[in-house]
Amino acid sequence: METRVIVVTSGKGGVGKTTVTANLSARLAMEGFKVVAMDADIGLRNLDVVMGLENRIVYNMVDVIEGTCKLPQALVRDKRVENLFLLPAAQTRTKDAVTSDEMKGLCDSLRGEYDFVLVDSPAGIESGFRNASAGADEALVVATPEVSSVRDADRIIGLLESFGKRSINLIVNRVRPDMVRKGKMLGVSDVREILAVDMIGIIPEDETVVVSTNRGEPLALSNTSPASRAFEKIAGRILGRDIPLQDLDDLEEKGLFANFIKLFGRREGRG
Amino acid sequence: MGFLDRFFRKETPRQSARERLQLVLIHDRADISPDTMERIRKDLIKVINNYMVINEEGIEMDLERDGRSVALVASIPVIEVKRKHPRKRDK
Ligand SMILES: Nc1ncnc2c1ncn2[C@@H]1O[C@H](COP(=O)(O)OP(=O)(O)O)[C@@H](O)[C@H]1O
Ligand SMILES: [Mg+2]
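Protein chains in written order, with numbering that gives the first Met the number 0: chain P, 0 to 270; chain H, 0 to 90.
Take the hints with a grain of salt, since some may be wrong.
In silico DSBU-like pairs for lysine-lysine, Cα to Cα no more than 35 Å straight-line [said to hold, decoys possible]:
(1) P:Lys183 - P:Lys78
(2) P:Lys103 - P:Lys232
(3) P:Lys11 - P:Lys183
(4) P:Lys33 - P:Lys232
(5) H:Lys9 - P:Lys181
(6) H:Lys83 - P:Lys183
(7) P:Lys94 - P:Lys181
(8) P:Lys33 - P:Lys11
(9) P:Lys11 - H:Lys9
Pair by pair, the computed Cβ-Cβ distance ranges are [unchecked claim]:
(10) P:Asn222 - H:Asp34: 53 to 59 Å
(11) P:Ser188 - H:Asp65: 16 to 22 Å
(12) H:Gln21 - P:Ser221: 40 to 46 Å
(13) P:Arg165 - H:Gly66: 14 to 20 Å
(14) P:Ser161 - H:Ser74: 27 to 33 Å
(15) P:Gly239 - H:Leu43: 44 to 50 Å
(16) H:Met60 - P:Ile242: 43 to 49 Å
Simulated from the structure, these hints should not be mistaken for lab results.
Remember, predicted model here, so these are calculated numbers, not experimental data.
The beta-carbon is built from N, C-alpha and C at its ideal position, and this holds for glycine as well.
Using the sequences provided together with the hints, build the complete structure.
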């Protein structure tokens with residue numbers, strides 16, 4: 000299989016890039032693929048703690064680029080999931096420590112050896128984002144259903160198009176069907192229509208995401224929460240499986256259905 | 000949303016978010032200043048004046064969204080079509 004290098008990006012910070020990178024990487028590895036999760040957020044590394052691998056880092060990406068170590072020495076192997084590796088960012092350096100060409104070279108040197116390289120991009124549209132995208136063929140754009148996030152995603156999509164990325168797919172994260180139904184926030188369908196880009200997944204707001212981040216245990220490893228199932232589906236779609244996105248409207252309707260059940264249950268309880 | 004809100008068709012936050020986003024994105028995507036728009040308008044008038052008499056006051060020109068692209072849509076009221084088109088360097 001030809002290596003697929005995919006950048007996970009968003010423009011706005013705090014919308015779920017690192018969460019998505021960690022969980023999709025774990026999921027793809029569990030499917031039997033060889034995966035490198037690369038942290039391109041130099042100076043503000045996070046992917047290591049979200050994946051729970053922070054204690055095992057010896058070298059980082061900048062060490063590889065500067066020739067301090069060889070690439071395999073910098074890769075941290077996940078002991079819980081076979082075939083999952085982390086390439087950590089440098090924490091005590093700044094974004095200027097690497098150039099776009101060096102990042103591209105780094106991604107290229109992983110080609111052939113691994114099936115997937117997922118690059119966790121820093122927020123913003125400056126050099127950090129450009130470097131993170133430099134070596135990628137494809138992009139996953141993460142947005143939450145908020146005006147500022149969607150606006151930034153639009154800007155990022157425009158830039159990725161101008162870089163000539165051949166595939167750009169949208170993930171809508173932290174969806175709250177209850178609020179959408181009440182007309183209090185943007186729905187997945189609104190975001191999709193406004194951004195007019197291919198959509199590959201919807202992740203609901205789910206507290207197990209926070210719990211798993213605190214534990215440093217990707218959701219894919221241990222549980223079957225709504226977010227975990229969402230990651231499983233997205234990984235499936237990345238692998239080209241035909242998993243319909245119908246959960247888009249389901250998700251928005253489910254709240255209603257759940258309320259019916261609640262209502263019903265309560266009545267029964269009262270006798 | 001309460002009954003009264005619905006009755007008076009008050010815009011929901013979801014609808015406001017949609018509309019605000021659509022507007023802001025038109026301008027983000029086009030990245031054209033009002034000054035540039037005004038220059039386009041004047042140039043358009045100049046060109047069209049060669050062929051038609053138009054109502055310059057009645058011109059409406061705006062950027063509209065179409066999927067991921069933006070279209071410049073102009074409505075230019077025509078008063079009269081000129082009989083003879085001026086030809087470049089004819090005779
Ligand atoms: N679907 C979700 N449900 C609940 N919390 C989430 C979800 N996605 C992300 N978060 C939380 O949001 C915060 C920011 O996520 P993170 O992945 O670090 O964003 P980014 O990398 O884009 O800055 C984290 O605390 C994370 O646990
Ligand atoms: Mg991050």
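Evaluation of the provided hints:
For the suggested pair Lys183 (chain P) and Lys78 (chain P), the alpha carbons sit about 43 Å apart, so the restraint of at most 35 Å is broken. The hinted pair formed by Lys103 (chain P) and Lys232 (chain P) meets the criterion: a straight-line CA distance of about 29 Å does not exceed 35 Å. Distance check on the hinted pair: Lys11 (chain P) and Lys183 (chain P) sit about 21 Å apart at the alpha-carbon level, within 35 Å; holds. Taking the CA atoms of Lys33 (chain P) and Lys232 (chain P), the gap is about 18 Å. The hint holds against a cut of 35 Å.
A distance of roughly 13 Å separates the Cα atoms of Lys9 (chain H) and Lys181 (chain P); the hinted pair therefore holds under the 35 Å criterion. Taken as a hint, the Lys83 (chain H) and Lys183 (chain P) pair is broken in the structure, with Cα atoms around 59 Å apart against an allowance of 35 Å. Our distance criterion of 35 Å between C-alpha atoms is broken by Lys94 (chain P) and Lys181 (chain P), whose separation comes to about 42 Å. The straight-line distance between the Cα atoms of Lys33 (chain P) and Lys11 (chain P) is roughly 29 Å, inside the 35 Å bound, and the hint therefore holds.
A threshold of 35 Å between alpha carbons decides the hint, and for Lys11 (chain P) with Lys9 (chain H) the separation of about 30 Å falls inside it, so the pair holds. For Asn222 (chain P) and Asp34 (chain H), the Cβ-Cβ distance of about 56 Å falls inside the hinted range of 53 to 59 Å, so the restraint holds. The supplied range of 16 to 22 Å is met by Ser188 (chain P) and Asp65 (chain H), whose beta-carbon atoms lie about 18 Å from each other. Taking the beta carbon of each, Gln21 (chain H) and Ser221 (chain P) are about 41 Å apart, inside 40 to 46 Å as hinted.
Checked against the given bound of 14 to 20 Å, the beta carbons of Arg165 (chain P) and Gly66 (chain H), roughly 19 Å apart, stay inside it. Against the hinted window of 27 to 33 Å, the Cβ-Cβ separation of Ser161 (chain P) and Ser74 (chain H) comes to about 31 Å, which satisfies the hint. The supplied range of 44 to 50 Å is met by Gly239 (chain P) and Leu43 (chain H), whose beta-carbon atoms lie about 48 Å from each other. Our hint of 43 to 49 Å for Met60 (chain H) and Ile242 (chain P) holds, since their Cβ atoms are close to 45 Å apart.
When held up to the earlier numbered hints, the structure conflicts with 1, 6 and 7 and fits the remainder.
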